[in-house]
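Asks: Sequence:
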Amino acid sequence: MVCTFALAQRYGIFHRRMKISSLKMAMLILCLTIMGSTVHAETQNDFDGDGRSDYTGVTVSGNDLLWQNTGSTSGQHEIDDAFGISTDVVTLADWFSAGAPTLGTVRTNLTDNALVWRVQEADQRISTENLGKPGDLIVSGADFDGNGIADAAVVRQVGKKLRWSIRLNMFTSEATTKQLKFGKVGDRVFFFSPDGEHDDIAVFGLTSNGKRAQLQYRDGLGGKVTKIRKFSKKLAQGTRPRPFPIQSEDGTDLIGFATDDGIDTTVQIFTVDGTRTNHVTLNGTGTLFVGDYLPDSAGEEVALQTASKLFVYSVDNDELETPTKVSGTPVDQINIAQTMGAVVPTAVPTATATPTATPTP
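Just so we're aligned: 85 in the working numbering is position 85 of the sequence shown, and the numbers increase by one with no gaps anywhere.
What the hints contain is simulated information worked out from the structure, not anything from laboratory work.
Any given hint could turn out to be false.
To be verified - With a cut-off of at most 20 Å between alpha-carbon atoms, the simulated EDC-like pairs for lysine to aspartate or glutamate come out as follows:
hint: 1; residue 1: K309; residue 2: D273
hint: 2; residue 1: K178; residue 2: D145
hint: 3; residue 1: K184; residue 2: D219
hint: 4; residue 1: K233; residue 2: D195
hint: 5; residue 1: K181; residue 2: D219
hint: 6; residue 1: K325; residue 2: D112
hint: 7; residue 1: K325; residue 2: D48
hint: 8; residue 1: K211; residue 2: D145
hint: 9; residue 1: K309; residue 2: E319
hint: 10; residue 1: K178; residue 2: D123
hint: 11; residue 1: K178; residue 2: E129
hint: 12; residue 1: K325; residue 2: E129
hint: 13; residue 1: K224; residue 2: D195
hint: 14; residue 1: K224; residue 2: D264
hint: 15; residue 1: K161; residue 2: D112
hint: 16; residue 1: K227; residue 2: D264
hint: 17; residue 1: K325; residue 2: D250
hint: 18; residue 1: K227; residue 2: D261
Unchecked claim - So the derived label-pair ranges between C-beta atoms look like this:
hint: 19; residue 1: A100; residue 2: D64; range: 22 to 30 Å
hint: 20; residue 1: A307; residue 2: S173; range: 22 to 30 Å
hint: 21; residue 1: D195; residue 2: G51; range: 29 to 37 Å
hint: 22; residue 1: S232; residue 2: D80; range: 41 to 49 Å
hint: 23; residue 1: E321; residue 2: A114; range: 40 to 48 Å
hint: 24; residue 1: D250; residue 2: K325; range: 27 to 35 Å
hint: 25; residue 1: K325; residue 2: P295; range: 14 to 22 Å
hint: 26; residue 1: G62; residue 2: T271; range: 42 to 50 Å
hint: 27; residue 1: G284; residue 2: G238; range: 41 to 49 Å
hint: 28; residue 1: R156; residue 2: E321; range: 36 to 44 Å
hint: 29; residue 1: T176; residue 2: V116; range: 15 to 23 Å
hint: 30; residue 1: G274; residue 2: D316; range: 32 to 40 Å
Cβ coordinates follow ideal geometry from the N, Cα and C atoms, glycine included.
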């Protein structure tokens, strides 16, 4: 599924989120956006219907979010619209039917202690649904039931565990809600498709004893849990980059990790069993996103837009292209973002204790 480090994390983040210093773009910084994967070999973010992802950018004008989409074949603006406000989290996804991207945002309503998911339908009508509370981590753009329509989720910490609330087909008449506990405090939340049929919820972090890195994913929300412990421990330490899915030609997802040193951005790509397949260092830091942009490359590519240039890296043929920059901050269809507004109670520290922040899942 497509995803985007995009909209970096609100006033300084992603990944979708993982922390990339380049994402400190205090412009529209809506929230970090993670990378995703595309299920069923359907191309995400394809407004003009040519089978390739379009470049979509968002800018802030006053208090409004301005969306601009450039068709991958026509080069024309397929979308040039205002939707949302600067404090919203962007949730572009196929909310109503497969292959039909819809503009969406999540808005924090502190008065009602709710997260309001909003989408703009084809006739410009706005539909809204409540899911989650201020401070929850939103997970947008996954397709957990494999029907081609995006599903929504929020994740919050309950004790030492992570609780997921998932709304399948949220804006349709067949919406259903599922809740489950999966993962622990300190894990990084994401999702991906190991089989190309549907997305699985996933977490990445250290094992309980802290000795190894561990990927866990649950098949079909209620199915078998698989644990993989062959990833480098360094990926679960330090800045803890959030994993992101990258679709392969066969519809299954590879898993990417992106880090930066303040000067360059390094992307490492792995198979689900922890085998590294690609490694590329891009000059600069900025907004990272994923999509099927190049006509001669199978599967999805990883893109990075810096202050001066757009890089598009082909995972399939290990080549790099530099097309015209996206207008505004690039976004794709996957966003994992921490919402604002929660009041987190803290214990009174003792004279020898040093209070520490709870890591974002």
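Asks: Name the hints, by number, that the structure is in violation of.
Replies: 1, 4, 6, 8, 10, 12, 14, 15, 16, 17, 18, 20, 21, 27, 30
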